[in-house]
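Asks: Sequence:
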Amino acid sequence: MSRAESAGDQVAIRGKIAARYDSDVEREVLGWFKQLLNLDIPAGMNNVQRALHSGVDLVKLALEVQKRVQNCPPAAKKMRLKPNTLSAPFKQMENIQVFLNFCEKMGMSKTSLFQTVDLYEGRNMAQFLTAVQQLGSECQRYGFDGPVIGSRPTEKNIREFTEEQLKAGNAIIGLQAGTNKCASQSGMAMGGVRHIADIKADDLCREGTGVIGLQSGSNKGASQSGMSMGAVRHVSDIRADEMDKDGQGVIGLQAGSNKGASQAGMSMGAVRHVSDIRADEMDKDGQGVIGLQAGSNKGASQSGMAMGSVRHVSDIRADDMSKDGQGVIGLQAGSNKGASQSGMSMGSVRHVSDIKSGQGSAEGQAIIGLQAGSNKGATQSGMSMGANRMVSDIKTGKMDQSSHGVTSLQYGSTDGASQSGMSFGGARNISQK
Numbered sequence: 008m009s010r011a012e013s014a015g016d017q018v019a020i021r022g023k024i025a026a027r028y029d030s031d032v033e034r035e036v037l038g039w040f041k042q043l044l045n046l047d048i049p050a051g052m053n054n055v056q057r058a059l060h061s062g063v064d065l066v067k068l069a070l071e072v073q074k075r076v077q078n079c080p081p082a083a084k085k086m087r088l089k090p091n092t093l094s095a096p097f098k099q100m101e102n103i104q105v106f107l108n109f110c111e112k113m114g115m116s117k118t119s120l121f122q123t124v125d126l127y128e129g130r131n132m133a134q135f136l137t138a139v140q141q142l143g144s145e146c147q148r149y150g151f152d153g154p155v156i157g158s159r160p161t162e163k164n165i166r167e168f169t170e171e172q173l174k175a176g177n178a179i180i181g182l183q184a185g186t187n188k189c190a191s192q193s194g195m196a197m198g199g200v201r202h203i204a205d206i207k208a209d210d211l212c213r214e215g216t217g218v219i220g221l222q223s224g225s226n227k228g229a230s231q232s233g234m235s236m237g238a239v240r241h242v243s244d245i246r247a248d249e250m251d252k253d254g255q256g257v258i259g260l261q262a263g264s265n266k267g268a269s270q271a272g273m274s275m276g277a278v279r280h281v282s283d284i285r286a287d288e289m290d291k292d293g294q295g296v297i298g299l300q301a302g303s304n305k306g307a308s309q310s311g312m313a314m315g316s317v318r319h320v321s322d323i324r325a326d327d328m329s330k331d332g333q334g335v336i337g338l339q340a341g342s343n344k345g346a347s348q349s350g351m352s353m354g355s356v357r358h359v360s361d362i363k364s365g366q367g368s369a370e371g372q373a374i375i376g377l378q379a380g381s382n383k384g385a386t387q388s389g390m391s392m393g394a395n396r397m398v399s400d401i402k403t404g405k406m407d408q409s410s411h412g413v414t415s416l417q418y419g420s421t422d423g424a425s426q427s428g429m430s431f432g433g434a435r436n437i438s439q440k
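For the sequence shown, this note's numbering begins at 8 and goes up steadily by one.
Keep in mind that the hints were calculated from the coordinates and are not lab data. Keep in mind it's a predicted model, so treat the numbers as computed, not measured. Among the hints, a few may not be true.
[Claimed, not checked] Cut-off 25 Å, straight-line C-alpha distance, at most; resulting in silico cross-link-like pairs (BS3-like, lysine-lysine):
hint, residue 1, residue 2
1, K89, K67
2, K67, K117
3, K74, K84
4, K188, K174
5, K98, K84
6, K163, K112
7, K117, K84
8, K74, K41
9, K67, K84
10, K112, K67
11, K98, K85
12, K67, K23
13, K112, K98
14, K67, K41
15, K89, K117
16, K74, K23
17, K174, K23
18, K41, K84
19, K112, K84
20, K85, K67
21, K117, K74
22, K227, K266
23, K117, K163
24, K41, K89
25, K98, K117
26, K266, K252
27, K74, K85
28, K74, K89
29, K84, K23
30, K89, K112
31, K85, K112
Build the full structure now, drawing on both the sequences and the hints.
Replies: This is the structure in structure tokens:
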């Protein structure tokens, strides 16, 4: 009983399978049958299917391969290959199956074979041609002494490396890192990054060494006029007009106003407040009064107190010092055993542990260090003894001669006061004790 005709999707599927049929592979397979069996098969997919669908010629092909293979696999060599010439369909399909079994025992994988119906009913003739061609490749593996078809079979190529050969590969740069063939370190800075693909930079033109790139801005129409040494250069200049000469003697509003003010009564170096601190003259009647902040001196005397010492609200009692201890220096002051005042200036601080400093070189005593700035082109004109030397001078006008005899308000008032009972250099308090 014949199968029903294909319909629907089966027609499209059979069309795609038939499109895989290769005439070149057909020519090669039919030529192999001609050389081994002297069998002439007309070209064409339908002609090949009708000539070989009985399986008789396939069994004959397998028998010829079995005879000519020198190192035939034992399983394939033991097979009894005899074609069945009956015309019954199942007998013809048995012949096809015998051929498939022989191909499998020759080492072909099942994925390289075809189904019985692919040849008997012509369902996949392309796969049939591929299987016969693959059998020709397997024959070459076992030493076939006749003509062969198909590609040369792959062989195992086992390589064994010694330990020294394996370690030699540690000094080879892999292809993933690129190649350094025909490369040098010419023009590369110390520590520069090595790119896998070199970035080519042509030699810098000498004319361009004096050109500032656009990334750095433009200096067209710009100069260094008015810029101090080491100042930052902005890409876009900050314009500052020259100061008007008339405004050089004007104090800005940020510094307050000195209208109606004078330096009368101010000592050299005293702080000038934006808003003056007003202190009225002290009442003469109150000059002999001690404020409550100073405590009370009722029933107290100045016995045993040094000139200029602080008067506490509650007296701190100190017994008379023993005459024997007046020549002793307390432990709090450290010890001066084995010490002298050699090399110490008047009024300098005495440290518990002396700070040793070597004698200064005679040549360096006349040198002013860089930390002190430079006095080139400068004079001490107008500077008082012991005043600080500024890097940039602060200009002050001459003091009004009429104010030389005036004591500033910060020092208090001397009205009704005298120096009676005061030692030379003692502090003068605003409120008397």
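Asks: Each hint: holds or not?
Replies: Hint by hint, here is what the structure shows:
{"no.": "1", "hint": "K89 - K67", "result": "8 Å, holds"}
{"no.": "2", "hint": "K67 - K117", "result": "21 Å, holds"}
{"no.": "3", "hint": "K74 - K84", "result": "9 Å, holds"}
{"no.": "4", "hint": "K188 - K174", "result": "22 Å, holds"}
{"no.": "5", "hint": "K98 - K84", "result": "23 Å, holds"}
{"no.": "6", "hint": "K163 - K112", "result": "19 Å, holds"}
{"no.": "7", "hint": "K117 - K84", "result": "19 Å, holds"}
{"no.": "8", "hint": "K74 - K41", "result": "17 Å, holds"}
{"no.": "9", "hint": "K67 - K84", "result": "14 Å, holds"}
{"no.": "10", "hint": "K112 - K67", "result": "16 Å, holds"}
{"no.": "11", "hint": "K98 - K85", "result": "22 Å, holds"}
{"no.": "12", "hint": "K67 - K23", "result": "31 Å, violated"}
{"no.": "13", "hint": "K112 - K98", "result": "21 Å, holds"}
{"no.": "14", "hint": "K67 - K41", "result": "12 Å, holds"}
{"no.": "15", "hint": "K89 - K117", "result": "23 Å, holds"}
{"no.": "16", "hint": "K74 - K23", "result": "38 Å, violated"}
{"no.": "17", "hint": "K174 - K23", "result": "54 Å, violated"}
{"no.": "18", "hint": "K41 - K84", "result": "24 Å, holds"}
{"no.": "19", "hint": "K112 - K84", "result": "9 Å, holds"}
{"no.": "20", "hint": "K85 - K67", "result": "16 Å, holds"}
{"no.": "21", "hint": "K117 - K74", "result": "23 Å, holds"}
{"no.": "22", "hint": "K227 - K266", "result": "46 Å, violated"}
{"no.": "23", "hint": "K117 - K163", "result": "21 Å, holds"}
{"no.": "24", "hint": "K41 - K89", "result": "20 Å, holds"}
{"no.": "25", "hint": "K98 - K117", "result": "22 Å, holds"}
{"no.": "26", "hint": "K266 - K252", "result": "20 Å, holds"}
{"no.": "27", "hint": "K74 - K85", "result": "11 Å, holds"}
{"no.": "28", "hint": "K74 - K89", "result": "13 Å, holds"}
{"no.": "29", "hint": "K84 - K23", "result": "38 Å, violated"}
{"no.": "30", "hint": "K89 - K112", "result": "16 Å, holds"}
{"no.": "31", "hint": "K85 - K112", "result": "10 Å, holds"}
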